[in-house]
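Chains A and B supply the protein sequences, listed in that same order. The opening position of the first sequence corresponds to residue 1402 in the working numbering, with each subsequent residue numbered one higher. The opening position of the second sequence corresponds to residue 63 in the working numbering, with each subsequent residue numbered one higher.
The set of hints was computed from the structure by calculation and includes no laboratory data. As the structure is a computational prediction, the values presented were derived from the model and not from experiment. Backbone N, C-alpha and C define an ideal beta-carbon position, used for all residues, glycine too. Check the hints yourself; a few may be wrong.
What the hints assert, rightly or not - PhoX-like cross-link-like pairs, simulated, lysine-lysine; straight-line CA separation at most 25 angstroms:
1. A/1680 <-> A/1598
2. A/1422 <-> A/1545
3. B/297 <-> A/1636
4. B/297 <-> A/1501
5. A/1501 <-> B/136
As the list claims (entries may be wrong) - Simulated coverage check for chain A against chain B, where a stretch passes if three residues somewhere in it have a Cβ under 8 angstroms from a Cβ of chain B:
6. 1481–1495
7. 1541–1555
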Amino acid sequence: MKIGFIGLGIMGRPMALNLIKGGHAVTVWARRAESMQPLLDAGAKGAASPAEAARGNELVISMVADAPDVAEVMRGVASVGQPGLVAVDMSTIAPAAARKIGEELALAGVDFVDAPVSGGEVGAIAGTLSIMAGGSEAAFAKAKAAFECMGKNIVHVGASGAGQVAKAANQIVTGMGVLAVAEAFAFAAKNGVDRSKVREALLGGFAYSKILENHGQRMLDRNFKPGFKSWMHEKDLNIVMQTAHELGLCLPGSAATAQMFSAMVGSGMGEDDSIAVLKLLERLSGQE
Amino acid sequence: MKVGFIGLGAMGRPMALHLQQAGHELAVWARRPESIGDLPASICATPAELGRCCDVVFTVITSSADVEGVALGKDGLVEGLAPGSVLVDCSTIAPDAARHIAEKLGEKGIHFLDAPVSGGEQGAIDATLAIMAGGDAAVLDRVRPLLDCLGKRIVHVGPNGAGQVAKACNQMIMVAAIQAAAEAMRLAAAAGVDCGKVRQALAGGSAASRVLDVMGERMVRRDFSAGIEARLHHKDFGLVLEAARQSGVAVPLAAVVAQQLNALTAQGWGRDDTSSLLRVLELA
């Protein structure tokens, strides 16, 4: 398939590489020209604009930072006005923003799929991302071959925006999950108990989770390198809280978690992995 | 002086009347002309037209987007107000939005004050509002005689946006206090104690507050009619949390109170008084 790919950051670069490995003809565009070089070396064509990345392709995919960035590149895609083109955004943005972008693209005859991912840089490199998609049956079917090069667990969740709703739900679970593990470790340490033994004991029971296993180990190692940066998790939880505000939805746990992440960003831990919430807890309880 | 007024709701209407009664010539524009009623004022067709005939214009409307639309949109005040004239916005909006409007008007030489108020409908009627102003001190001094018609305590907090920051702080403290009063009333009732007596006992001690006095009384009487419509506090808490987030400070209590307000909204009580936070507690 001929695919345009826009946004070649930590996630976008390996995802685009996996499309090339999967045998697709990929055209790339990134704001910074130097980000494009590794892809050109791997056989991609370079484009001079988002519009050019879309033109003549069957599929165009974006992986950028925030809703205004998605809206901007998709305006370029819409300007091509190529009927039958399917546009896929794999960034994490608010469900409402995704629906609005979908409506604008529809006016230009472009079908839109919101398909945010979970699994981080590791999953992007390994091609094992979880992909949660929202959009029409036909558009999803067209994008599926591309998704299969980038991810393993691919779910068509529902109509436009449904993928972002699933991703927001994912961030609720992972945000509170990381905080829960950090609190359990702070609790163990303040009680004078070896946290690595606590982790080991818990791994066999109902408290088992990937987060306890992977993030927990990194907390023990005090390896705060991202991974998934705190400021990005904070941004995602803000999407959750804004949506809850708009819908009239009471989410006390998410609210408390969002405040912890906000405090991390405010106190200079934004570039650390979100497991650095452990450091914040330790500071609050005088455990430093 | 010829004074313009936009936003003739529960707050705006008595404020506009005070200005008129103090001897100022009043001109108004209203999105819904029927809201003007029998107000003794000349009626303008657009905000721009209102701006053309006034030295000072007041706005008391709901959201950041509404104020931006009226000030900067098509046929907005910016198209009518002369250089040197003043827009006084008494709405509660985001500090960022206030700064943005000030900057855009400033490019045309039009002055802007963010001047949100506290004191509710009763304070507006009694002309006892607390007014927290952000903007140039000299501009505030020029319009101070007008503000004196509306309120008792007028504080220059700082530059543009500072008034809205003060208002956000006001809302954080007030609604958290309403939640605290509701929890106390809930605990008293659950323990089989007379809420009215508890409120009465507390009024003499360290927990005494205006909120316990006014909202506590409503809770005891179970009179949940507004008052201050809870949907406005819900809206304000969106602004509070966004401002906190942008500043990178944790506001754990405000975040939880916001969730109780979300629940209140979901129950369909947004147009009732914020003392309905007691009813949210009774759901669980």
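> When the hints from earlier in the document are held up against this structure, which numbers fail?
Replying inline: 6, 7
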